[in-house]
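Asks: Sequence:
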Amino acid sequence: MKDKWINIGYEGDELKPYKEPEEDFGDTKRIEVMVGMGYTRDEIKESLSTQKYNEVTATYLLLGRKSEVEAGESRTGSSLSLARVRAPSEVTNGKATAHAKGQRGAGGYHRQRRHSDFCE
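According to this note's numbering, the sequence shown is numbered sequentially starting from 1.
Read the hints as simulated data drawn from the structure, not as lab findings. Any given hint could turn out to be false.
As the list claims (entries may be wrong) - Calculated pairs, BS3-like style, for lysine-lysine (alpha carbon to alpha carbon, straight line, at most 25 Å): (1) Lys4 with Lys16; (2) Lys19 with Lys4; (3) Lys29 with Lys52; (4) Lys45 with Lys66; (5) Lys29 with Lys45; (6) Lys52 with Lys66; (7) Lys29 with Lys66; (8) Lys66 with Lys19; (9) Lys19 with Lys52.
These figures come from a predicted structure and were not determined experimentally.
Based on the sequences and whatever the hints tell you, model everything.
Replies: So, in structure tokens, the structure goes:
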């Protein structure tokens, strides 16, 4: 970078702007997990090759981020908070009760998929 003020202390080695690393869209492990979540290989391939900003690309990128986090640390309370847990008040005689309001039917526009539902 050419600005004098930004290079203070780095006169011998000029600072360079940050460049985003190239994303690897060929991770077969993530793709297999997504197929298990209900996505088709064709929709995954199309979304990743055209770099669409949609649910498929977001899921792929989030699965990659999850594996980066797990590689750097053990399971902590923050990652466990993503698990689906029911409050005791929601369970009656071993059966889940419906919420009073805000419950969506199966005919909703988006399919709900969770990685945790398919992998342990």
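Asks: So, for every hint listed, does it hold in this structure?
Replies: Hints, one by one, checked against the model:
no. : hint             : in the structure
1   : Lys4 with Lys16  : holds (13 Å)
2   : Lys19 with Lys4  : holds (21 Å)
3   : Lys29 with Lys52 : holds (20 Å)
4   : Lys45 with Lys66 : holds (20 Å)
5   : Lys29 with Lys45 : holds (14 Å)
6   : Lys52 with Lys66 : holds (20 Å)
7   : Lys29 with Lys66 : holds (13 Å)
8   : Lys66 with Lys19 : holds (22 Å)
9   : Lys19 with Lys52 : holds (21 Å)
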